[in-house]
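Undergrad: Sequence:
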Amino acid sequence: MPAATGRGVELPARRHYTTTQARSPNEHALEVSNRELRDARATRATMDITSFVVQGRDQALLYGDYSTYHSALSKRLLNARKKLAIATKNRGKFHKKDKITAEDVASSHEHVHLVLLTSERAFAQAMSIKAAHTADQKGLSSRTRSHIVSRLDKAARAAQDLVDALSQQAVSGASDGDVIEAKAYAALIRGAMQFEKHTWEPCLQSYAIARIIYSALATTGKGDLFKDLLSETIDPSIRYAAYQLKTPRTVPIPAIARKAFPRSDAELVREVDEIDSSILAEADAATKTGITAESAPRTLTWRSREVQIEDAQISLAWASVEGAKSRLAAAVEASKDKEPYEVAAVYDEILTATQDAVDATKQAIDELKAEGVAQSDPRMQRLQITRTAVNYEMISWRIGRNRVLTGRQDGAPEEYGSLRRKKKSKAAADAGKKERELPTRKKLVKLKEKLALYDGTLQNLKSINELPGVAADEGLATKLDAVEKYFESLKCLSIARSHAIIRNVANALALINRAAELCQESASKVPKTSDSTSSSPLNVEVTSESVSALANLLNGELQRHRAIVHIDNLRKTESDEAGKGPRIPLLERLQDYPSDGVDLSNLVEFPPKLALVPMKPIFLDVAWNYIDYPGKTAAAATPAAAPEPAKEPAPQPKRGWFGFGR
Numbered sequence: 001m002p003a004a005t006g007r008g009v010e011l012p013a014r015r016h017y018t019t020t021q022a023r024s025p026n027e028h029a030l031e032v033s034n035r036e037l038r039d040a041r042a043t044r045a046t047m048d049i050t051s052f053v054v055q056g057r058d059q060a061l062l063y064g065d066y067s068t069y070h071s072a073l074s075k076r077l078l079n080a081r082k083k084l085a086i087a088t089k090n091r092g093k094f095h096k097k098d099k100i101t102a103e104d105v106a107s108s109h110e111h112v113h114l115v116l117l118t119s120e121r122a123f124a125q126a127m128s129i130k131a132a133h134t135a136d137q138k139g140l141s142s143r144t145r146s147h148i149v150s151r152l153d154k155a156a157r158a159a160q161d162l163v164d165a166l167s168q169q170a171v172s173g174a175s176d177g178d179v180i181e182a183k184a185y186a187a188l189i190r191g192a193m194q195f196e197k198h199t200w201e202p203c204l205q206s207y208a209i210a211r212i213i214y215s216a217l218a219t220t221g222k223g224d225l226f227k228d229l230l231s232e233t234i235d236p237s238i239r240y241a242a243y244q245l246k247t248p249r250t251v252p253i254p255a256i257a258r259k260a261f262p263r264s265d266a267e268l269v270r271e272v273d274e275i276d277s278s279i280l281a282e283a284d285a286a287t288k289t290g291i292t293a294e295s296a297p298r299t300l301t302w303r304s305r306e307v308q309i310e311d312a313q314i315s316l317a318w319a320s321v322e323g324a325k326s327r328l329a330a331a332v333e334a335s336k337d338k339e340p341y342e343v344a345a346v347y348d349e350i351l352t353a354t355q356d357a358v359d360a361t362k363q364a365i366d367e368l369k370a371e372g373v374a375q376s377d378p379r380m381q382r383l384q385i386t387r388t389a390v391n392y393e394m395i396s397w398r399i400g401r402n403r404v405l406t407g408r409q410d411g412a413p414e415e416y417g418s419l420r421r422k423k424k425s426k427a428a429a430d431a432g433k434k435e436r437e438l439p440t441r442k443k444l445v446k447l448k449e450k451l452a453l454y455d456g457t458l459q460n461l462k463s464i465n466e467l468p469g470v471a472a473d474e475g476l477a478t479k480l481d482a483v484e485k486y487f488e489s490l491k492c493l494s495i496a497r498s499h500a501i502i503r504n505v506a507n508a509l510a511l512i513n514r515a516a517e518l519c520q521e522s523a524s525k526v527p528k529t530s531d532s533t534s535s536s537p538l539n540v541e542v543t544s545e546s547v548s549a550l551a552n553l554l555n556g557e558l559q560r561h562r563a564i565v566h567i568d569n570l571r572k573t574e575s576d577e578a579g580k581g582p583r584i585p586l587l588e589r590l591q592d593y594p595s596d597g598v599d600l601s602n603l604v605e606f607p608p609k610l611a612l613v614p615m616k617p618i619f620l621d622v623a624w625n626y627i628d629y630p631g632k633t634a635a636a637a638t639p640a641a642a643p644e645p646a647k648e649p650a651p652q653p654k655r656g657w658f659g660f661g662r
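Per full-length UniProt numbering, residue 1 is the first one in the sequence shown, and the count goes up by one each step.
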């Protein structure tokens, strides 16, 4: 977009003034300045100082080292100077460049990039020199260290020049976010320089400024960018500088940063408070839940063994886990009538808290390993026990969330409710109508989802068995084996139901029989539990009541499927026998119920054939004449003499032909 003072912008204004009434010079100048300010604001874009630096480092270090990054920065710096027309011509005389001013920033943001590239090139050169001498057995020499410090000092001075230029916001046009990002970058480079000089107090102060600012900016947007910068660069440097200053490891890094932050700089404190006022509060992020470093637990109990928590981050994370447990119990109690996915969402807080505890424990172990602490050291032993405890807690609640998603009684009852049609089904139930059954395909999909949850639970149980010290604990190993058998039984039951749906009744019976055997093994190992345990939120702990309910269900399913298989075998036998013998039409066996179905192709015999028809034998009529009946007289029995018949007159002979006489 052309500037407001360009010819293409001023020309329409001049034509307008020639056709309208005359204006005073002051009014005209005020209108032109306002127009220029609007055009400048329209062309202004955010500087994104941190993004520019971090993305440049990541792209260069992805396929190379700091030496490669230094070479790439030299090329980018030359291109930036050519864009600004300040590059030294070939074989020309070199002139020392002046410091960046607020007017330069207002004219083009390329001046900001030019300063950042200059600072980053000096930083990359220092880091490449340090990396080249890492393998030296005697460490860095004083000359090499001085060279590194001089390069970092040049980078810090360039970053400070950028802060001074952007601080004149009325001229440079920089936003508050641009100024505070520049201050954080300058503090980061200055902290790296002081780290190499081994001046630990200024180093800690510089890194504290960078950490506080980036923590505040992480709450506004681009959280991942700032969080990675904190975890990978700033926090390890703060921890090492605090270690050099004899600060106990149990003090958390946020507390160290708040204590070292220069509160005397009122302008910096005001800028941070405008972004997030809770960053500089007396408590860290855990104050939102009422947890402080002083009130956090110092010990952790695992399997009747109490160990001391070695790191403050672990202590705060474990306190968050304890608080999330109590809130989870109340939330689950209040959401009994809700859908499984809504109840499962309540577990998100405790899963996040346990994951933070696991990450803090892993970081503490890695720090001790980096310091060369042996595995036999008491601190390392306590951290290993803590690692087992926090991982067991995290996996336990993962399993509990899966159990909630499987449905009522861990998915043992055969239910295929559809969440989308729940309102309709409730309305139909209120109206007295029967709910429409899901089709076979959707039933199989439901069983497949449930099976995936069981597989995830079994995988989590295997992860628990791989934790340090679990295999040696006989009681815990026995209990985990019982839980594993319980979920394997549920898995076999789900697979059996899928076979039963597609009419593979023999496979369904075999799987249910296997599920019953696994459930019996689980019942023999699960300890008896109280009623209070059964009412708590679901986790890896399986109650004896749950196992007993599953055993009763499997017993009934086993008997039912045995009967189904028996009936199916009888039908197959009848059909086989019917196939071997003659096919009798249905018309001739109407007195029999067609148990195997009606064969519509064999209703009558066609074409008809001659066949014997049952009739009354003739000898019965003959025998009728020889039957004596009681009451018959002798006369009646003896036949009377029949009278002689009268003699008929002899026929007259015919006369002539054809009976005609003459």
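Please note that the accuracy of each hint is not assured.
Unchecked claim - DEER-style ranges, computed between Cβ atoms:
#, residue 1, residue 2, range
1, 147, 465, 47 to 57 Å
2, 176, 322, 17 to 27 Å
3, 135, 341, 50 to 60 Å
Quick caveat, the hints were computed from the structure, so don't treat them as lab data. Predicted, not measured: the structure shown is a model, and the values here were computed from it. Backbone N, C-alpha and C fix where the C-beta goes; we use that ideal spot for every residue, glycine too.
Undergrad: Please write out, lowest number first, the hints stated earlier that are contradicted by the structure.
TA: 2
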